[in-house]
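Using the sequences and the hints given, assemble the complete structure.
Heads up: the protein sequence lines correspond to chains C and P, in order. Residue 1 is where the first sequence starts when you use the numbering used here, and the numbers rise one by one after that. Residue 1 is where the second sequence starts when you use the numbering used here, and the numbers rise one by one after that.
Because the hints were derived from the structure by calculation, they are not lab data. Computed from a prediction, not measured in an experiment: that's the story for all the values here. C-beta atoms are modelled at their ideal positions from N, C-alpha and C, and glycine is treated no differently. Honestly, I wouldn't trust all of these hints.
Reference excerpt, derived from the structure (chain C facing chain P, CB under 7 Å, subset only) [said to hold, decoys possible]:
#, residue
1, L21
2, Q38
3, A72
4, M74
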Amino acid sequence: MKLTSKVKTLFHSVIFAYIYLMIALIVPTNFSVTAPNQSRSANTMITIEGKDQTTHLKTMSVLSMVRITGFARMLYELNPQFEVEPLNYVESTLSGYEMGLRGVIQKNASFEQSLISAYTLAHEIDSSISINYNLIGMIIDYRSPEYDTLRIGDIITDVDNQNFSDYETMGLYFINNNGLLKLDVLRNNETIEITIDKTNEAIFRFYPKYDIISAQPNYSLPGSRSNITGPSAGMMYTLSIYFALIDFDLIDVDIAGTGTIRYNNEVGPIGGLVQKIYGAHKEGINHFIIPASHYDEVKHLSHLMHLYPVTTIESAIEVITNEILN
Amino acid sequence: MKYLIKLWNQSKVVRYRLDDLTTMKSTVFSVLGSLVATTILVLPLYLILVQLFMFVDIHIVLIILLFVLSIIAVFIYEYLMYYISGLIEPKIKKLYTKSLVIVEGSIISLLFVVVGIIFVVIFLQGV
Chain C
1 MKLTSKVKTL FHSVIFAYIY LMIALIVPTN FSVTAPNQSR SANTMITIEG KDQTTHLKTM
61 SVLSMVRITG FARMLYELNP QFEVEPLNYV ESTLSGYEMG LRGVIQKNAS FEQSLISAYT
121 LAHEIDSSIS INYNLIGMII DYRSPEYDTL RIGDIITDVD NQNFSDYETM GLYFINNNGL
181 LKLDVLRNNE TIEITIDKTN EAIFRFYPKY DIISAQPNYS LPGSRSNITG PSAGMMYTLS
241 IYFALIDFDL IDVDIAGTGT IRYNNEVGPI GGLVQKIYGA HKEGINHFII PASHYDEVKH
301 LSHLMHLYPV TTIESAIEVI TNEILN
Chain P
1 MKYLIKLWNQ SKVVRYRLDD LTTMKSTVFS VLGSLVATTI LVLPLYLILV QLFMFVDIHI
61 VLIILLFVLS IIAVFIYEYL MYYISGLIEP KIKKLYTKSL VIVEGSIISL LFVVVGIIFV
121 VIFLQGV
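Shown next as structure tokens:
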């Protein structure tokens, strides 16, 4: 094969630049990025059958990627709305598959908890609304790498044969006790027994896992097919379901929000709040409900829109009915 | 239409003559060589475009650019394949392989576009 001198010169000249470019484009770094995304109506994720569910309650998600390449890091750092930071401890100890699995576990947990919280609150107003569920156990969202006999996604159904009936007591027992713990674990629909030697340094993170037997009125989960994962839309799902259940149809402005819904109706912390506020601002949304614990880190953005810090789902309902709609 | 029919007939003739002039070994060599060369040329652009998907405002533009790049990649692959075949067997250089590049490139790109559209529709539904 004959190469002309021009081709040879070109090859000599660009080969190093090409190799450097490919290294920058392929080799991952220990950095992650969070970027603004678009809003999505909460009623596209959970639908209550036979109810007119508002489209004005919006969930805000972010785009995030771990182990970005050098080129991507350079590119994303140019944009002030992006947040590029070193991998945190959890991200650095998990594989890409495990990170994806966590996202799905968190999304399903927020579906279950928001349904239970919203139906329970609506039941206080209309007794014909009801939900029947059982606690299965605690689903593992994260565990320190040294406890690799437990897998992310395992459901702990009992600890030391205590026969717990509620999530809080079970969780507190697990957190407060160190040493050998005998766990009944549900994995791939089979119950196995695992004993761990738990220390003070151990990091575990759980979500409650429920079996929702029936609900009146019925619901469907179109969002389970969505690529959107994570727990941060729990509060908005709960609000969307609650207002649909009580036939509250006065919401006529777009209201975005973010925050997890916890077993005790508290609104829990989330990540990427700055990016979520930028995303909402781009779409012209003027009202944003946030967890109170995050207010200090975003109060400098309050010139972009009204920010409403809340601690519980009840206070979020009050904010919508008494502040935003007034 | 006349031009297309002529191009189609021309490509069939060139294809028959190519079959006589190429061996299995030369075909494998030209296909693999062309694949490697096309990948080297197009991969950096693909990787840059994929990393730009974090910018949510330009998703549609990026999807269109990925389609365009895929179609360009198909034609580069076809061109290089017959170019390498010509280097192995000089008689091929005298054939009008351009007609084959256009016909085969168009068919493969059409297939890519159809598969791509299905993929994009599924992707956008899930988002």
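Of the hints given before, which are not true for this structure?
-> 4
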